[in-house]
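The primary structure of each chain is shown beneath.
2 protein chains.
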Amino acid sequence: MYNYKMSIAYDGTKYLGWQIQSNQPLKTIQGKLQHILSILFNEDIQVIASGRTDAGVHAKKQVANFHTTSYKSCDEILSYLRQYLPCDIAVTEIKEASERFHARYNCLTKRYGYYIDTQFMPDPFKVRYAYHVADPLNMDKMKEASTYLIGTHDFKSFTSMKNKKKSTIKCIHSIEFEPTSSGFVIYYHGNGFLQHMVRILTGTLLEVGLGHLEPNAIPKILEARTRAIAGPTAPSHALFLEEAIY
Amino acid sequence: MYNYKMSIAYDGTKYLGWQIQSNQPLKTIQGKLQHILSILFNEDIQVIASGRTDAGVHAKKQVANFHTTSYKSCDEILSYLRQYLPCDIAVTEIKEASERFHARYNCLTKRYGYYIDTQFMPDPFKVRYAYHVADPLNMDKMKEASTYLIGTHDFKSFTSMKNKKKSTIKCIHSIEFEPTSSGFVIYYHGNGFLQHMVRILTGTLLEVGLGHLEPNAIPKILEARTRAIAGPTAPSHALFLEEAIY
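Going line by line, the protein sequences match chains D and V.
Per the numbering used here, residue 1 is the first one in the first sequence, and the count goes up by one each step.
Per the numbering used here, residue 1 is the first one in the second sequence, and the count goes up by one each step.
Hint data in this document are derived by calculation from the structure and do not stem from the laboratory.
None of the values given here were measured: they were computed from a predicted structure.
Virtual Cβ for every residue (Gly too), placed ideally from N, Cα, C.
One should not assume that every hint holds.
Claimed, not checked - Derived DEER-like restraints, expressed as beta-carbon distance ranges:
| hint | chain 1 | residue 1 | chain 2 | residue 2 | range |
| --- | --- | --- | --- | --- | --- |
| 1 | D | N23 | V | K14 | 24 to 34 Å |
| 2 | D | F120 | V | S70 | 18 to 28 Å |
| 3 | V | S98 | D | P136 | 50 to 60 Å |
Just chain D, same shape as in the assembly (with noise of 0.2 Å):
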């Protein structure tokens, strides 16, 4: 057995996510990915990612393993990719791993990156990849209300996921505001993300900074553990995997 690993940067706009579906295979990364890898290595390949990511969200690293087994040389793999694989995904790079090596048991920290364009008239060059916000945000108040996130906490109210049984515990190393050329960006780094979480985080970040909300009211819906309680969730095509960390 051989196994890569494989760093994958991908536009989400035309996608279902990450993770393949067995009616549309081919409109998801995964599918797409494993569809490829089939036939260059003639065997049915599984690409394992560090996780899913949601219908419109892109990402700069990714990463993934698949097993082989037969063998193929790094550059020979890349090229059969760049030659069949669509110009809104790309694999950046590709190395050989220890047989064990597993894209998500192995993923240490993940990075996510919210784009938010506040300009008047939004930048039509960011309209793809930026949410549009026109009313004034208050910026301090927003990142007073981000330090109450930082930490281990239940996320529970930050999630949209329905399976019970799955730990709603996650820790949170930082959250980073940085400006851009038409806005800013919000940075999340942390050991995991639920469902929908990086959006609900900044839906609620975002009644904050409008005023619905005081900053005060974090450790209160972190408490409530529901759902309803938290802001609304963010749009997808504004939120970037910044990348998988190992």
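Please arrange chain V on chain D, whose structure you already have, making use of the hints.
For chain V alone, kept in the frame of chain D given last:
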């Protein structure tokens, strides 16, 4: 008569170019703007730009003006444009101008940027806005070739313009190469550019970079005054009008 000067950014991907076409007015930037402004002012508005951009070419700061017989405040015009313009066109600024201001005649110089992605696997987020050239480029030779283009020359070899009465003499003030995250950009600054000129200049510089032409071929191409002897026209989607300068 009132005269308004505006700055416009647009993603040209879906348009036939700046200039209105009688059979498909709304597939042009000029047509879109004239349509919306004519409704707002309830009169026929003609929008004059610093110059045309071709189909598929983008602009970060195009400048245009228009005359009206009735007065509206700049804020009112901007709000109306924001409401009715599609998300790939943004009027970023509007000011009252003196009655004689003319966006084409008064434009002093223009700066264009041509973006090249040199990565093995093209960046999915740059696909719409950069030309992918995976073969190795000799940047030193490209820079050397570019020096022959600086100054006042007859650029007849570098245009597909067929109007024989129009002068083909232009002055290029500078050509600069700057690295980007996925490759590099070539900035052209000059007093004016002929139809397809920046794209043919870029196509010719790329021929030098690829080793198909020597840098000292440039003076001979300028002298020949024949389109056929210059390089190919580089694709439109990687070209930006960076700025029209007054």
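Hints versus structure:
no. : hint                         : result
1   : D:N23 <-> V:K14: 24 to 34 Å  : holds (30 Å)
2   : D:F120 <-> V:S70: 18 to 28 Å : holds (24 Å)
3   : V:S98 <-> D:P136: 50 to 60 Å : violated (33 Å)
The structure fails hint 3 only (numbered hints given earlier).
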